[in-house]
Amino acid sequence: MIEELKNTAKNAVGVLMGEGADKASVSVSHTVTHEFNVDGGEFSLFRTLFDKKLVMECIKDGRKGTVSQNRYDGETVAALASSCLESAASSMPDDAWDFAPLSENEDFVLGEVKPDTEKLFSRCRELVDDIKTRFPKIMTEQMIVCHKEVTSVRANSNGVLFSTHKGSYEAMLMFSGHEGEKASSFFISGAASENLDRPFIELGSIAKDLENVEKQIHTENIEGKFEGTMVLTPSCTGELIGGLIMSFASDQGLLSGTSPWKDSLGEKVADERVTISLAPLDGRIVCGDRVTGEDFRAENFDVIKDGRLNAFALSLYCANKLGLKRGLNDSENMIVAPGDRSIDEIIASIDRGIIVGRFSGGAPASNGDFSGVAKNSFLIENGRIGPALSETMISGNMAAMLKNLRGVSKEQVADGATVLPYMAFDGITVSGK
Amino acid sequence: MIKDLVTDKKHLFADGANTELRAQLNRSRRAVLVNGDLVNNVRSENLGVSARVYENGVYGFSSTAEYTDDSVREVLKAASENAAFLAKHAGRGKGPHKAMTDTACFTARDIKDLEQRAYIEFAKTVDAYIAGKYPDLMSRTVVAMADSSEKLIAVSNGADVHWLQPRSFMYIMLTAAGPDGQPVELYDVIGGYGAFDANFTDPSLAYERIDRLYDKLRQKVNGVYPEAGEKTVIFGGKLAGMLAHEAVGHTVEADLVIGGSVAGPNLNKRVGTELVNLVDFAHTAFGKPVPLPVYADDEGTEATDAVLIKDGILVGYMNSRETAERFGMKPTGNARAYLFSDEPLIRMRNTAVLPGKSKLEDMIASVDDGYYLIDTNNGQADTTGEFMYGVTFGYEIKNGKLGRALLDTTISGVAFEMLKTVDMISDSMTWVSSGMCGKKQPMTVSMGGPEIKCKVNIGGR
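First to last, the protein sequences are chains A and B. The first sequence begins at 58 in our numbering and counts up by one. The second sequence begins at 803 in our numbering and counts up by one.
Bound conformation, chain B alone (with noise of 0.2 Å):
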């Protein structure tokens, strides 16, 4: 755990500026293999503190490498200074950000650092799995990999925290000869929050999930690709997940909605159907914690849900400190920060489409002519809500059947149009928290989604 260094300065915090202090620690340990060789068997840590200063509407930040009592006074200093020259070129003429409960929010629980001895070990049997099972397989990739954040953050007004997330994952990548020679591959992604020890205790486990997607690749190598254009489709939860944060998310962080975002003119407005609703939620969801849970953010607000889309209207955004108070909003704890030299941007937690009241079997029934979209590899979206997500493996529904496997391809729509498509939700609700949300930082993020129908373009090849 990180020595606390940082608490004990609050008395150095200048007095009618917003100031946070904060400890970070990042590791990451990785081991790959590609088709048996270790070509990757790496360990990185980054450790180190910075300073925010809120002074006449601007921010001035420093952060350093070294950790000392030293260099955190340092760092105070040094954002302090850029502040002030900030707030004499450019200041706003704004005064100090409203006050904050200052409940402290410690929820911080050591993790074993495991040797990397154990992500590899745990690699090779794996591999050797399906080495020795699927012999046919033109190539296979395995990767072990965990990472985790710390962070131990004080603040002059809001809530003092001391926060650790771990995660842990295994990625197989299994790539099959199509019927022409030419590669066809397919992956999946097992684990989620957790220490490695803790998510991967016996290599076994994971043989049903690798043996379940050599029969999804099976079935793609035999694949054909859709027919391109306006289709009627039932997404897969990763699908809803990736529409979730891809597509809508983005555009209501309240910094892009500034920028010009297409959730501007259209907040109170009806952008779905009465069956969309869509929630960042902030630890806990439907009773039970989500994937990675944030219990305060890293400018000492009390992180809880921000409801975005409720019955069809969007009626709200996420926010930071600064932004909440532009819009008249509560902020939701959405400020967050990758390495202790980054400063907080508004980023999503864990975003999610609210299950429905149907059923898989009679969504598919009610198609005539249309796609199950299951698996994703990529998204992207735009300001403006238009959206692109590759699709990696699907069926085509005909006459209210499945039919045969798709082949690679992606599908794009405008989220706001699409959602008013949006006739059946399912009952179920899948999560992913293996992505990486890139916002000129990275960030670690879920998101999540039931069965979705709706009409989308599908590009076919």
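Pulled out of the complex, with its shape left as it was, chain A reads as follows (with noise of 0.2 Å):
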């Protein structure tokens, strides 16, 4: 399969290039998945599906265009070179468009590629017997378990060959809690795993997020409104520190001119215990992207290190278009280094706050203002948790957030896309009806 996909490539870069482009890019890849799906409790459906992918990439006379289609037989190439050939002819100019240099092409074999069927499928099972058990009071609305297997390969007239095999199994689940005719907010929980070695309740935070939401059920209002601490779960730090990112330090912040940070590179714009890292290539990262979409081997960085801005996480075209340097991998494993204290130890500082465990909101304003609904959350008096909330607004602006941090857990969850802590902050309101 590989050699099959590296000839495939290699011989569109050269249809590209035969037909005139200056520099062509090409991306093959072909994904085998299986997967097992629980409805409402009950097993309802099992896929296998086989996906292929082209993407066929050429820049001539600095215009660019670019085409994809999911088959890549020798007919849909040519057909394919020329459409990207004339999508380019009909772009402007543009000299910040290129393509990766060539450094040393390498193979990478990452996970179990092949499925073991039958043990997912036990797996599966012991995941809902596990539930049940377990957890009595969580209805669990769907849960999808499955194998990925891709073949993957990415190749470029500067001579760029690296192909990728790797194959991995994840769980997600959608669940409530539920009590005659109260039910808490749903909530998702997932994670990945290069092997079935564990059960799938071990993993990540599934275990704690069920036994969270069964607390959930019952909830009260806050009255009125105050300024306090907000605590966020591992996976709400991920939500909201990897929205402010992709708002304030890649391509659109960026390119428009509109991110606050866009004059910050080097300086402090958050807390020193503050650093956060894209990286891919950690041990805790299951198949981790080894290879960028712009044909670069993918390293691991920090955004912010020690809380100055350390570096954004750009395109190639964004960094060439501002002089600026490109993300050394665009991949979404963030990782948020831990504290030195519990999470325990966090909230017993607290006099007043929440704890987040997931927020229904859009993505922050350019000016990073942000307000939203807090989902699955509890509310922090004296140093202790209290009650679940419903009905609850959490407003401020991230911005300022990152420089008002209370503290960062020492634990850390990883789920295998991400490796996160507890995150607290001060300074946001609070307001319930």
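Heads up, a few of these hints could be off.
[What the hints assert, rightly or not] To give a feel for the contact side, a few chain B residues facing chain A, derived at Cβ under 8 Å:
1) 837
2) 843
3) 846
4) 860
5) 863
6) 865
7) 867
8) 880
9) 887
10) 940
11) 985
12) 1032
13) 1062
14) 1185
[Claimed, not checked] Think about it this way: if two alpha-carbon atoms lie no more than 20 Å apart in a straight line, the pair counts; the simulated SDA-like pairs of lysine to any residue are:
15) A/110 <-> B/997
16) A/176 <-> B/892
17) A/239 <-> B/1216
18) A/282 <-> B/1033
19) A/378 <-> B/837
20) B/805 <-> A/128
21) A/319 <-> B/983
22) B/890 <-> A/178
23) A/239 <-> B/1068
24) B/812 <-> B/903
25) A/171 <-> B/887
26) A/176 <-> B/887
27) B/1033 <-> A/278
28) A/490 <-> B/1032
29) B/879 <-> A/164
30) A/110 <-> B/890
31) A/378 <-> B/940
32) B/1257 <-> A/279
33) A/282 <-> B/1031
None of these hints come from the bench; they were simulated from the model. Even glycine gets a Cβ: it sits at the ideal position worked out from N, Cα and C.
Make one complex out of these two single chains by using the hints.
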């Protein structure tokens, strides 16, 4: 399969160059998915999917075109090459477009590339049974467990030729807690693993999430509003801090010039205890990308290091356009460095605040303002965890929030895609009815 | 158009099982200009075939990106084997689905696949208009895009289908500097059902919308944050549509009802005032085609309207064939898949709150202290019915008159409590069809509604 894909990719680069491209880049992939679905607590579906993808990109006279199709036979490659050149000819010249130069080519093999379908089914059934036994108030709306085998090749006209063959298992479940007609908010938890050695319920924060949701069936409302401390659970840290990186340190905010961090490289943008990395090569990340979507070998890098803005997560185009450095990978494998206090110690230090398990709100405004509903949340009063909350809104400013850090927990959750601690921020407005 | 390699394979369908065989082509074309630079110039296509087999109460599914006679046979075989595997290990002892009407539903019409140049040139012309007329803007983004989905479906029991849905849109996002130098943004979407050349015949037709967007942005730059707390508000039609889709619609999807949504214990109970009526339309509403018509779904069920709330009473759910049998309801054609490699899920189509009899000006005049909320950029809801929308534009209402514009804020509420506060509904109707609903798979949907006067929590700053 890998040799077939390599030949396809090299041939497609040749066809693009033969059609007159100045530079060309091609990615080809083949994905096989085995997936079990459980709906309403009962097995409902077994799927096997065989997908292909061919992406062809070219630059001619500084103009770039991109086309893709889910076939890569010779006829498709020829037709797509013409379409790619036509697309490029229609666009405007821009010297910022480029592809990765040749470095050292390599073939990567990651994880368990072929599935053990019988064992996957057994682990899935075990998860259904574990939930029924250990968390009887939980109703599972949907559970999806799968194995994905991905074979992919990237090649370009600079001589780059990378291949990756990887396989991993994933579990995702959406659930809520119920007692009579009382119900909690829904929650989505999940994790990935390179093998099936451990039961799914032991991965990531699945068991802790189920435990928390059982405690969120009976909720209370806050009267009025107060300014206090917001403790983000590890998964909510990923949601909010990931959104912040996307808004402030990625292409759109920098290209449009709206990012509050656009002139802050090397400057302090967060409390000095904050270090945020994008690290697909970290050992706790399952089958992280070894090659970027722009044909570079992926490397880990720190976006924020000890509170200072260390690097932007930019594409090569955006970096060239703005005279900045590109991001060394394009993954979402975020790792937030741990602190030196336990989450219990951090909570004990808070007079009034809220633990937020899920944030229901849109992306922050360009200036960093955010507001939304604190889902799956608990009140904190006098250093203790209080009742679960409903109809509670939180608001603040992302840029200001990072500087108002109360603490980062020493505990981290590794779910295969991210490694995240609890984070607590002061100065957040919490409002009820 | 997709070549038909599925209809003649019906003789391969297994006896005693429900089988669906679907060939599907999805196309997407997109050109994105940020401050005049073409940052995204992409054409993509996704063609393939899938089969789903229902046996002993469980489904087997398989798909492949190959679309040949041999690959069609292979997915049928693989889907049957998958159904047999699951039936053996976790079968539910159920027989095949009830027989359905087998009237074929062939509505597909070919559309012209424009060259990429058409999208880029149109976007450049519109961008040049904005750059020339409004040089004070901090940034501008113009997107020209089109997508389409064509399906050819053969089923063992029900309607065979050939269906094509084209959509095309322009997104215009403008950003201006606020008084403190911080960015303030607002966007508009133009377009809807139909191919790009049919919807966008002349760039100048977009200029009036751009001028209006700029004027609203200027008002927003000088806007204020609303006061936080429970307030009387008037939802514009876009927010009413979001209410219909996010806050109510998802909770009455039968698979979410089985999963424990708030709609389960509320069937046939009052969930709103008598003014509230809510319908998921199939293809026609108020004597006109809806924005994204569906005539039959991917299970071969003929599409009819799903009446969800009637005079304030929750009267129905949206169903697949399987859930309709479970709840003793009639399936209305809501089982839809996004790509060839996706299985049908229960999805909304054109979900709307029905208009009332009030006039917007009378509704505004009836509010002493509240807000008129017009534009939204996102919405989310819980299975409990608790919802949240981002509000990107609106006005204060003071003593029955519109006041200052609003800066970005968030509103929240609980659907079946909030609907009991509705005391006026306007006689107008606004549809939005540019969105994608997310639920395991994306899906094209439209939503709509009139102006609605109600009480919700507003976030302030």
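Against the structure, the hints come out as follows:
For residue 837 of chain B, the interface hint holds, the least distance from its beta-carbon to any beta-carbon of chain A being 7 Å, beneath 8 Å. Nearest Cβ of chain A to the Cβ of residue 843 of chain B: about 5 Å, under the 8 Å cut. The hint holds. The restraint placing residue 846 of chain B at the interface with chain A holds, with a minimum CB-CB distance near 4 Å, inside the 8 Å limit. At about 6 Å, the closest approach between the beta carbon of residue 860 of chain B and any beta carbon in chain A falls short of 8 Å, and the interface hint on this residue holds.
Among the interface hints, the one on residue 863 of chain B holds; its C-beta lies about 4 Å from the nearest C-beta in chain A, closer than the 8 Å criterion. The restraint placing residue 865 of chain B at the interface with chain A holds, with a minimum CB-CB distance near 5 Å, inside the 8 Å limit. Hint status for residue 867 of chain B: holds, given a least beta-carbon distance of 4 Å to chain A, under 8 Å. Proximity of residue 880 of chain B to chain A holds as hinted, the smallest CB-CB distance being about 6 Å (cut-off 8 Å).
Because the closest C-beta pair between residue 887 of chain B and chain A is about 6 Å apart, less than 8 Å, the hint holds. At about 7 Å, the closest approach between the beta carbon of residue 940 of chain B and any beta carbon in chain A falls short of 8 Å, and the interface hint on this residue holds. Hint status for residue 985 of chain B relative to chain A: holds, with the closest Cβ pair at about 4 Å, below 8 Å. For residue 1032 of chain B, the suggested interface contact is upheld, since its CB lies about 6 Å from the closest CB of chain A, less than 8 Å.
The criterion of a C-beta within 8 Å of any C-beta in chain A is met by residue 1062 of chain B, whose closest approach is roughly 4 Å, and the hint holds. With a cut of 8 Å, the hint placing residue 1185 of chain B at the interface with chain A holds, because the nearest CB-to-CB distance is about 5 Å. Proposed proximity of residue 110 of chain A and residue 997 of chain B is contradicted: the alpha carbons are some 25 Å apart, above 20 Å. For the proposed pair residue 176 of chain A and residue 892 of chain B, the alpha carbon gap of about 15 Å is at most 20 Å, so the pair holds.
In summary, the hint linking residue 239 of chain A to residue 1216 of chain B is supported, as the alpha carbons are separated by about 14 Å, within the 20 Å threshold. Note on residue 282 of chain A and residue 1033 of chain B: the hinted pairing holds, with a Cα-Cα distance of about 15 Å set against a maximum of 20 Å. Restraint check for residue 378 of chain A and residue 837 of chain B: the C-alpha separation of about 12 Å stays at or below 20 Å, so the hint holds. Between the alpha carbons of residue 805 of chain B and residue 128 of chain A the distance comes to roughly 16 Å, so the proposed pair stays at or under 20 Å and holds.
Between residue 319 of chain A and residue 983 of chain B the CA atoms are separated by roughly 14 Å; this keeps the pair inside 20 Å, and the hint holds. Our distance criterion of 20 Å between C-alpha atoms is met by residue 890 of chain B and residue 178 of chain A, whose separation comes to about 12 Å. For the suggested pair residue 239 of chain A and residue 1068 of chain B, the alpha carbons sit about 12 Å apart, so the restraint of at most 20 Å is met. Of the pairs offered as hints, the one joining residue 812 of chain B and residue 903 of chain B holds, with about 17 Å between alpha carbons and a cut-off of 20 Å not exceeded.
A distance of roughly 18 Å separates the Cα atoms of residue 171 of chain A and residue 887 of chain B; the hinted pair therefore holds under the 20 Å criterion. Restraint check for residue 176 of chain A and residue 887 of chain B: satisfied, since their Cα atoms lie roughly 13 Å apart, inside the 20 Å limit. Of the supplied pair hints, the one linking residue 1033 of chain B and residue 278 of chain A holds, its CA atoms being roughly 17 Å apart against a limit of 20 Å. A C-alpha spacing of about 6 Å is found between residue 490 of chain A and residue 1032 of chain B, which places the hinted pair at or below 20 Å, so the restraint holds.
Restraint check for residue 879 of chain B and residue 164 of chain A: not satisfied, since their Cα atoms lie roughly 34 Å apart, outside the 20 Å limit. Taking the CA atoms of residue 110 of chain A and residue 890 of chain B, the gap is about 34 Å. The hint is violated against a cut of 20 Å. Of the pairs offered as hints, the one joining residue 378 of chain A and residue 940 of chain B holds, with about 18 Å between alpha carbons and a cut-off of 20 Å not exceeded. At most 20 Å may separate the alpha-carbon atoms for a hinted pair to count; residue 1257 of chain B and residue 279 of chain A meet this at roughly 18 Å.
Restraint check: the Cα-Cα separation between residue 282 of chain A and residue 1031 of chain B comes to about 9 Å, which is no more than 20 Å; the hinted pair holds.
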